[in-house]
Amino acid sequence: PGPFRPSRRDQPDPSASERELHEGGEYRAVAVGEPSPEFAGNAVRTAKYSALTFLPRNLFEQFRRLSYVYFLAITVLNQLPQVAVFGRGASVLPLAFVLFVTAVKDAYEDIRRHRSDRRENNRLAAVLAPQTAGEYLPKKWKHIRVGDVVRVASNETLPADMVLLATSDPTGLAHVQTVNLDGETNLKTRYAKQETQLSFSHDGHVAGMLHCERPNRNIYGFQANLEIDGKRVSLGPSNIVLRGCELKNTTWAIGVVVYAGKETKVMLNNSGPPSKRSRLETQLNRETVILSIMLIGMCITASVLAGIWLLNHQRELEFTQFFREKDYTTGKNYNYYGIGMQIFVTFLMAVIVYQVIIPISLYISMELVRLGQAYFMGADNDLYDESSRSRFQCRALNINEDLGQIKYVFSDKTGTLTENKMEFMCASIHGVDYSSGKPACGSSVVVDDLLWTPKMAVRTDPQLLKLLNNDSSNEEAKLVLEFFLALAACNTIVPLVLDTRDPKQKLIDYQGESPDEQALAYAAASYGIVLVERTSGYVVIDVLGDRQRFDILGLHEFDSDRKRMSVIVGCPDKTVKLYVKGADSSMFGIINKSLELDNVRATEAHLHKYSSLGLRTLVVGMRELSQPEFEEWQLAYEKASTAVLGRGNLLRSIAANVECNIHILGASGIEDKLQDGVPEAIESLRQAGMKVWILTGDKQETAISIGYSCKLLTNDMTQIVINNNSKESCKRSLEEALARTKEHRVASSIGSPYPVLASESSGTVLALIVDGNSLVYILETELQEELFKVATECSVVLCCRVAPLQKAGIVALIKNRTDDMTLAIGDGANDVSMIQMADVGVGINGQEGGQAVMASDFSMGQFRFLVPLLLVHGHWNYQRMGYMILYNFYKNATFVLVLFWYVLYTSFTLTTAITEWSSLLYTVLYTSLPTIVVGILDKDLSKSTLLAYPKLYGSGQRNEKYNLNLFVLNMLEALWQSLVVFYIPYFAYRQSTIGMSSLGDLWALASVIVVNMQLAMDIIRWNWIIHVFVWGTIAATVICLFVIDSIWVLPGYGAIYHIMGQGLFWLLLLIIVVTAMVPHFAIKAFSEHFVPSDIQIGREIEKFEALNQVLSVDSYYQ
Amino acid sequence: MPAYSKFTQQELPACKPLLTPEIVIAAFALIGALFVPIGLASLHASRQVVELVHRYDASCVPVDDKVGFIQNSRTDKTCTVTMTVPKYMKSPIHVYYLIDGFYQNHRRYVRSRSDKQLRYKSAAHLTSDCVPEGDTADHAPIVPCGLVAWSLFNDTYTVRVNGVVTQVNKKDIAWKSDKNNKFGKNIYPSNFQKGRLIGGATLNESIPLSEQEDLIVWMRTAALPTFRKLYGRIEKDINANDNVTVVIQNNYNTYSFGGSKALVLSTASWIGGKNNFIGIAYLTIGGLCLSLAMGFLVLYMVKRRYVS
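Sequence lines, in order, name chains B and P. Our numbering applies: residue 102 is where the first sequence begins, and numbers increase by one. Our numbering applies: residue 284 is where the second sequence begins, and numbers increase by one.
These are computed hints drawn from the structure, not numbers from a lab. Please note that the accuracy of each hint is not assured.
[Said to hold, decoys possible] Computed cross-link-like contacts, SDA-like style, restricted to lysine to any residue with a CA-CA straight-line distance of at most 25 Å:
1) B/K427 <-> P/A407
2) P/K299 <-> B/L1048
3) B/K427 <-> P/K586
4) P/K289 <-> B/K1185
5) P/K586 <-> B/E1203
6) P/K468 <-> B/W1149
7) P/K289 <-> B/R490
8) P/K299 <-> B/I1202
9) P/K462 <-> B/E1203
10) B/K433 <-> P/A420
11) P/K289 <-> B/V1129
12) B/K427 <-> P/P424
13) B/K149 <-> B/L173
14) B/K1185 <-> P/P424
15) B/K1044 <-> P/A297
16) B/K916 <-> B/R787
17) B/K1204 <-> P/P296
18) P/K459 <-> B/F477
19) P/K299 <-> B/F477
20) P/K454 <-> B/W1149
21) B/K1044 <-> P/S288
22) B/K427 <-> P/S356
23) P/K299 <-> B/V1179
24) P/K289 <-> B/W1132
25) P/K349 <-> B/Y429
26) P/K586 <-> B/F1191
27) P/K349 <-> B/E417
[Claimed, not checked] Far from chain P, some chain B residues (derived; all Cβ distances over 12 Å):
28) S168
29) E296
30) L369
31) A497
32) S545
33) I653
34) E781
35) I1037
36) A1156
Backbone N, C-alpha and C fix where the C-beta goes; we use that ideal spot for every residue, glycine too.
Kindly produce the complete structure, drawing on both the sequences and the hints.
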């Protein structure tokens, strides 16, 4: 965020919303107090389904996934009598199971939504009964309509978006907390218009016609006007209170509903996080295509061979007992349509039998695994933020594994690296620097015999304090006083008076939207200029013990174009003054430099000093307005404020007119403290091979100094600064920079044969600092390419003074040009676009509102949590997910190949010896659960090892756990194991009495044991849960085989009992499992010892260091 | 701070096996040491088995038109084969028929049966899976229906040892579970083998299906196209150099699909019939594992990497 945050953040171009109003051509006309049925009612509905629509809609939603359609197609195909491979019931089972599980999950979620909807809709609110004078009756929320007048008491939640008409405060002030809306916990001030407030206090009701814009999702914008007593009153965002907010510190408030139900701003903003797909899932598609080709290849092979067989035996078919071509009762061929058709039918049947090679269940397994991983990330105490009591949250459930492959981290500064708790540190007043702050007890004010103390005291400079308190006649002291008056008055802070335990003491709490303003108000209070009260018309300031009232005649709010705000104050001595504060760049443009050059120069020098200390600076100025000047301004201001169209622009131009010839009062320096552990976190991330870029709205100097304090920049780095004001100069400096990086590379590569690693191996490291102004000329032009080249050569990049969209542009610069994964982390509304642009967006639950969190994929409390999140959980997630996908491909391929080999001995008719129930249960039950549990629970390395050796993170960045080579290796293993599983029993039982069902049971059991043994061999950490699932699954398979063979109507009745009674069966099972596993075991043993990966070495260190410790402890005791 | 639990923090006590050189060598050596004896024992058991195989499909048909010969119900299909027993055969001696090229696992064939009909009288009409051998021309259900039953093997063997007729016991050749539960005790064959094309044996309509053991054995469809099925047992020892003469009624048509038939006399052992493969497989894998153990031992010694 900039020096101060705009009070209306994320506001779209006002002219755009006005244009929208225009184009829409229509206003919403609301008669106050007359409920109008023509607009949406206040009932909300977040539930997706009703009892009636659940089945069709849920099925429709589910079948939007391509894999389900594939599944469905196979099932439908199987229903054709000619192609039916499985029995009807059996073939529908897996699809039905999957649909059922998903439907139950959806239904459960929807019932919860229904329940919360019902609770919400049946809440009661006091609504003005029509045709009565001021009688408020309780009414359910769902029955409230646009036009109703609603009365809300303190701490109650607002039922709809309402325009305030009157409040308990005589000036029409109301405070609301918007935590439900945007996550901000501080109070916001809203006003009822004086006209309605007066009308209400006179007659007890308000009548009028309200015209407002049509419903939109802009929380920070609202335009309307109210015709009351023949007058037109304009209404703005400060006059509307939104559904979901809570009324605070205001006894009651009365408002008229303008938007209800689904048209309220909170409901319009209620969209889920954007859906992203993980890298692994995208890569998985490539393997799916390969498997599809394999599938089609197998189907073609089977059907062509079947055709050849038929061709060779064409003449024998009639008398062959096992074919029996003719049906003699009809004299026609039975179920035989000629060779061509037969090939086609065989092909379709082959598709049904072998479809399992594309593991549909994998998608469901992946979702379950991600759910489990998300649970464990959320439960991790290392990601729990003590101060905000917030846990880690997975908002997007489908990109967990991307956390293990991040190459670039883009970080916001304020609130992300820093705490966003501002503390006033020093001031430069009239060219004098006061920066030797001492802790002070703060000053208090006596009001009605009670002692009011500001909640926080800042460090005060004794010299300054002395100056203020002693000689008030002094010209210098007057300026100092003006400076602090400006700090106390020129803001939007609301002082709240809180009770303390001591009845004589009260606490003043400054509530406001900008932490900078709060810091300045507390600073003024500490020096004795205490803001005590604020209404819409005036402020009361205790000036060194003397309570004075200052009328606020006008307020020009902060906007990002002007980068300053101003108030016009009617002082007790009847003068009218303009106080301005703003960013130095905007302030020096409007200063009357000719008068006080020395002062300006000195202030500039101090500003430079402050910002190089890492402080946030503001310049404060003032001007006394003459009577004619004031009257001219007042006329324009009133006209502009009641305008409905183009009000924003009008007000801006008035502000620009009056904010000129400013007399500079001084400047302030505010410290924005670094969060805990930020330098260490950045160091870890960089060691893990990630590039950390800082994107900030702050000034170059401030950004650089923060860079130093969080150890991103060090003194031995070579800095390249790009800070230009035109395209040509940008181009020049980029070319220079490129030349320097080349030079640097050549210089450092002399000693090193690997140019890529040069920047790390050599002592000097390049740092690039780019300014937002230059980015205007670089981003989205042909210069981008060069910036990219320079930036990727540098190990540190700092971008300062960047606008929100530029942040997204920088992320896109990297994302579109490389395959590297990007992560953006931020806390404010200005980070939203960057968070959405990056592959992974992380939101910080910070001081600033919840918008970043709402847009993010993951949210957490502190920047430093990024280290355990990426290095530990990201690493695990990637590792687990990569393995799980490959394993699923492998296990299904093994099974399908076993089925395929059998086809070669059935005259290519796709009979399966394994019962159809076992073939269907294979993916659903026999092999699914262990992989899910392993995907959730297995850890290759412990948390402490991963944190101690950040380089281990590189395994994800290098795609070590999921790539084409591993896929091919897995497929070769599947090939070998299927051959073993099939052919050992084949040769052992050749020319024997073995029946189909018996042999099928052996093949099924052997495949299940082999693939589960493969998993068992790759599991790294065996805890009791994994034991239960792996061995339990094998046991469950045996039980299922027994159950299936106990059903007398199936041909395989009794087969497993019979075959298990033979010694040969057990001998075969043993040799199959061993022979199938030998290559895997040998390869594993060989590669782990002779070409160990980083992770393998980490595992050894883990195991043997613990052992060594035990040994050393043992020897110590001996 | 939320309460610490080993489960939520993923710190459950766990065992982390590592493939250290010792473990790898030990595992391979152990498997080798286990497999070689098993292999030797299996080979030994297989060698104990005495097996006589005599293929008779070609020699029992004196004419060229083999299909015509076999389909003609009036030709005399008696055929005599003589074998000399090389080694003492201990009873029980299993008599098998071995058929080659008969796809009992053909898709058309394997589903052409009605298991419900075999067990329940009321299910006699459930013949929809059995087409074209489901109903007779006048729509009466065939029991047992389907190609599997229809193609029942119908060669018969009469065995003489040294000229003396020796009883071949055909009791208890089928699985008990099939006789007790799968084939009904009150189901009698009807309309069986009455169609235009004779597939194989006829059934005695006065014997219930649960007692038709040849049918029960036949209906346990073979897994592979070359299979043997139990015909009966000779419960008498046969000495070495005894002459075994078998009079075969060569009825079954394997000629139309180019298959072959053989008669098998075999003793049994704990690994079943004669089967050298399993012993050789065990020896091969055992030997492979032993050599892998040696190989890894050498590798580890040559290129030692000190674990941490």
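Okay, the hints, checked on the actual structure:
At most 25 Å may separate the alpha-carbon atoms for a hinted pair to count; B/K427 and P/A407 meet this at roughly 23 Å. For the suggested pair P/K299 and B/L1048, the alpha carbons sit about 19 Å apart, so the restraint of at most 25 Å is met. Distance check on the hinted pair: B/K427 and P/K586 sit about 70 Å apart at the alpha-carbon level, beyond 25 Å; violated. With a C-alpha separation of about 30 Å, the suggested pair P/K289 and B/K1185 falls outside the 25 Å cut-off, and the hint is violated.
A C-alpha spacing of about 23 Å is found between P/K586 and B/E1203, which places the hinted pair at or below 25 Å, so the restraint holds. Between P/K468 and B/W1149 the alpha-carbon distance is near 15 Å, which keeps this suggested pair within the 25 Å criterion. Restraint check for P/K289 and B/R490: satisfied, since their Cα atoms lie roughly 21 Å apart, inside the 25 Å limit. Simply put, P/K299 and B/I1202 have alpha-carbon atoms about 12 Å apart, close enough for the 25 Å limit, and the pair holds.
Restraint check for P/K462 and B/E1203: the C-alpha separation of about 61 Å exceeds 25 Å, so the hint is violated. For the hint linking B/K433 to P/A420, the alpha-carbon distance of about 13 Å falls within 25 Å, and the restraint holds. With a C-alpha separation of about 17 Å, the suggested pairing of P/K289 with B/V1129 holds against the 25 Å cut-off. Between B/K427 and P/P424, the direct Cα distance comes to roughly 18 Å. Compliance with the 25 Å bound is thereby established for this hinted pair.
About 24 Å separates the Cα atoms of B/K149 and B/L173, which keeps this hinted pair within 25 Å; it holds. A distance of roughly 61 Å separates the Cα atoms of B/K1185 and P/P424; the hinted pair therefore is violated under the 25 Å criterion. Distance restraint check for B/K1044 and P/A297: the Cα-Cα separation of roughly 14 Å lies within the 25 Å cut-off, and the hinted pair is therefore satisfied. Taking the CA atoms of B/K916 and B/R787, the gap is near 19 Å; set against the 25 Å cutoff, the hint holds.
Taking the CA atoms of B/K1204 and P/P296, the gap is about 14 Å. The hint holds against a cut of 25 Å. Of the supplied pair hints, the one linking P/K459 and B/F477 is violated, its CA atoms being roughly 54 Å apart against a limit of 25 Å. Annotation: proposed proximity of P/K299 to B/F477 holds, straight-line Cα distance about 21 Å (limit 25 Å). Distance hint between P/K454 and B/W1149 is fulfilled; the C-alpha atoms sit about 22 Å from each other, no more than 25 Å.
The hinted pair formed by B/K1044 and P/S288 meets the criterion: a straight-line CA distance of about 15 Å does not exceed 25 Å. The straight-line distance between the Cα atoms of B/K427 and P/S356 is roughly 21 Å, inside the 25 Å bound, and the hint therefore holds. Of the supplied pair hints, the one linking P/K299 and B/V1179 holds, its CA atoms being roughly 21 Å apart against a limit of 25 Å. For the hint pairing P/K289 with B/W1132, the CA-to-CA distance comes to about 23 Å; that is within 25 Å, so the pair holds.
Distance hint between P/K349 and B/Y429 is fulfilled; the C-alpha atoms sit about 23 Å from each other, no more than 25 Å. With a C-alpha separation of about 8 Å, the suggested pair P/K586 and B/F1191 falls inside the 25 Å cut-off, and the hint holds. The hinted pair formed by P/K349 and B/E417 meets the criterion: a straight-line CA distance of about 13 Å does not exceed 25 Å. Its beta-carbon lying about 28 Å from the closest one in chain P, B/S168 satisfies the requirement of being farther than 12 Å from that chain.
For B/E296, the non-interface assignment is confirmed: its Cβ lies about 52 Å from the closest Cβ of chain P, beyond the 12 Å cut-off. No beta-carbon of chain P is positioned within 12 Å of the beta-carbon of B/L369; the least distance is around 35 Å. B/A497, annotated as away from the interface, keeps every beta carbon of chain P farther than 12 Å; the closest lies near 22 Å. The non-interface label for B/S545 is consistent with chain P: the shortest C-beta to C-beta separation is roughly 36 Å, beyond 12 Å.
The Cβ of B/I653 lies farther than 12 Å from every Cβ of chain P, with a closest approach of about 46 Å, so its non-interface assignment holds. Even its closest Cβ contact with chain P, about 21 Å, leaves B/E781 beyond 12 Å, as expected for a residue assigned away from the interface. Distance check on B/I1037: its Cβ comes as close as 9 Å (rounded) to a Cβ of chain P, failing to clear the 12 Å threshold; non-interface status is violated. With a closest Cβ-Cβ approach of about 8 Å to chain P, B/A1156 is found to fall inside the 12 Å limit, against its non-interface label.
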